[in-house]
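Novice: Given next are the chains, with one letter for each unit.
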Amino acid sequence: MHIDKKKCIGCANCVPVCPMGAIYIAQDRLAEVNSEVCVECQACYRGMSVENLPQQPTRFLRGLLAFFKLRFQPDPDICPTGAITRDELVWPRTLRRTFSDPLVPHESTGIGGRGTMEVKTNDVTERIKEGEAGFTVEFGRPGIGAYFRDVDRVCRALAATAAVFEPENPVTVLMTDAKTGKIREDVLNEKVLSCILEFKVKITEMPEMLKIVEREVNHLDTVVALGIAIRCDAEGNDTVRKQIEALGFDAWRGKLNMGLGRRTNPQPVPEVKS
Amino acid sequence: MTNTLHRLQRPGDPKDDYVVFTLASKGINDVDYLQKTRAFLETALKYNPVNVAGPTKYGPMYRPEKKLNPFTLYVRGRHEAVTPAELLEEVKYPGQALVVFDSKDKLEGFLKEIKALDMGLSVNVSSLVDDVREMAPRTGVKPHSINYALGFRGDLYQLPDRQVLGLTTMCGHGLISSNFAKKMVDAVKEKRITPEKAAGYLAKFCVCGAFNTTRAIRILKGDTNLPATVKNGKEKSNATP
Chain Y
1 MHIDKKKCIG CANCVPVCPM GAIYIAQDRL AEVNSEVCVE CQACYRGMSV
51 ENLPQQPTRF LRGLLAFFKL RFQPDPDICP TGAITRDELV WPRTLRRTFS
101 DPLVPHESTG IGGRGTMEVK TNDVTERIKE GEAGFTVEFG RPGIGAYFRD
151 VDRVCRALAA TAAVFEPENP VTVLMTDAKT GKIREDVLNE KVLSCILEFK
201 VKITEMPEML KIVEREVNHL DTVVALGIAI RCDAEGNDTV RKQIEALGFD
251 AWRGKLNMGL GRRTNPQPVP EVKS
Chain X
1 MTNTLHRLQR PGDPKDDYVV FTLASKGIND VDYLQKTRAF LETALKYNPV
51 NVAGPTKYGP MYRPEKKLNP FTLYVRGRHE AVTPAELLEE VKYPGQALVV
101 FDSKDKLEGF LKEIKALDMG LSVNVSSLVD DVREMAPRTG VKPHSINYAL
151 GFRGDLYQLP DRQVLGLTTM CGHGLISSNF AKKMVDAVKE KRITPEKAAG
201 YLAKFCVCGA FNTTRAIRIL KGDTNLPATV KNGKEKSNAT P
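Chains Y and X, in that order, give the protein sequences.
Heads up: the first sequence begins at 1 in my numbering, then just goes up one per residue.
Heads up: the second sequence begins at 1 in my numbering, then just goes up one per residue.
Everything labelled a hint here was simulated from the structure, so no lab data went into it.
Cβ coordinates follow ideal geometry from the N, Cα and C atoms, glycine included.
Warning: the hint list may mix true and false statements.
Which residues of chain X face chain Y? A few of them, derived with a C-beta cut under 7 Å, are [to be verified]:
| no. | residue |
| --- | --- |
| 1 | Glu90 |
| 2 | Val123 |
| 3 | Val125 |
| 4 | Pro143 |
Using 20 Å as the maximum straight-line C-alpha spacing, the simulated DMTMM-like pairs for lysine to aspartate or glutamate come out as follows [said to hold, decoys possible]:
| no. | chain 1 | residue 1 | chain 2 | residue 2 |
| --- | --- | --- | --- | --- |
| 5 | X | Lys115 | Y | Glu235 |
| 6 | X | Lys197 | Y | Asp75 |
| 7 | X | Lys112 | X | Glu134 |
Chain Y with its partners taken away, still in its complex shape (with noise of 0.2 Å):
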C-alpha cells in the first residue's frame, strides 16, 4: 500500500485502522506505510469511506482550524482526500497479498481465503472421515500476523510425524516438499495476516500432535489459533470433545456442518465407447 503525499493531509484516521499497525505520520507530518509491515490486505484501501475533498484547501482549513485551537476531525472511518492507493505487486511481495486480501483467491485453490473449505462441504466431500481428526493451524491470527519462516519451523516438526499436509492447502503448495515440510526460500521473509495449515492423522494420534502443535507454537514469535475438526457418527454425535477437553483445551465453540448437502447435479453419462 502507498499514501499518496499529494492527496494526503495528515489528519492520521488511516493510522489506526491497519489491522499491521503498518500506517504511520512521518517527519514531514503526512502518512506513510512502513513497507516492511504492511501485508497488503487492502484494509485501510477497501474500508475506508473516501470524501474527495482537495488536498491545499483542505490543509489550509486545518492549519487555520489548528491556529484557533479548533480541529478539523472527519469521521474515523473516512480518508477525506481518497489518499490511500495500491502498488503494483511482484513476486514474493504478491504473496502477502493473497494470504491477506480475502477477496483475492489462491491459485492452488480457487477460492478467497487462507485455506480450503475443510468441513463447510464435508457432507457432499466427506474429506474428513470417521476416526480422522482435520487440524487447522492458523498463524498469526487473531492480528497480529506471521512471518512464513515462522511457519516454515512448525511445518517441518510437523512432517517428521504422522500428519499428512492437506494437498490443495496454499501453505502445502508453498512447500518444496511435503514429506520434509519445508517452505520454499524466497517466500520465508514475506509476512501475513495470517495463513492455515491443513493436516489429517488418525483420531488416536490426535492428542500427541496436540501436544507437538503446542510445544512448536510456543517458540514463535506470534500466535496461533487452532482447530481440530472431526467427522459425527449418524446420531450427530461424537466423543473427541471430551478428550479435546481432558487434554487441557477449550472447545465449546465450533462450526457446525448441518449435513443438509447432497449431490443434486445429475449424474455424469459415462461415455460409451464405440
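Following the hints, position chain X against chain Y.
Specialist: Just chain X now, kept in the frame of chain Y:
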C-alpha cells in the same frame, strides 16, 4: 478458511451470536446455485438478520462510501449500510451466502425452514456447539461434521485486551484492526460517538459480512463477559474462544 470460527466467546455469554452460511461444491450440488442462494437469503430475511453477505458486486450490508462529498456528508447524511432486502436485489450470480442472527430463536426458526426447503447445499452454523446441539432435535437437523475452536496459543502477550479482542475476532480475516477497535471503545466511553455508530464503522472493514453488530454494540457498551487473554500454560481454560 475458518473466518467465523475463532470468535472470543464462552458458554456464559449472552445468546446473541449465530453465523449461518451456505455454499455449493462444484459438480456436486451447484446446479441452480443462484436460485438456491437467493432462496437462502429470502428465508433469512424473515428472521431479521443483523448482517448479511452474498455474492454481490458491492460487498455485505455494511460498506464504505467511496463517493462522499461535503453535500452528502453534511446535508444528505451518510448511507452506511444497505438493508438486507436491498442486498438481495444485488445478488445476480451464484456464490456463498452468509447471515448473522442475534438470537437463538431466530436461528432455530431459520434452520427449520432451510431444512424444509431441502436445497441440497451445505449449510454451516458457527456458534457455541451446545446451543446448536440443544435445538437440533427440534429443527430436524443433525450435525454431520464439527470444526472445534481450541483457542489461541503462542505468544499471547501480543494480544490486546478482551474487549478489543471480542470485537476484532468477529472479523475472522483480521481486517478489523485492534487499534481501531480500541479507538472506538474509547470514543464510546467518552460519549463522543454512540455504540451503534461505532459498531457500524467497525462492520465496514469486515468484507465477508460475519461481523455481528448487535454483539459489537453490547461489547462497546462494556458488557463483555469474555475470557481473559493470558499467557498460555497458566490459565489455559481462559485463553480460548
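Novice: Which of the stated hints cannot be reconciled with the structure, identified by number in ascending sequence?
Specialist: 1
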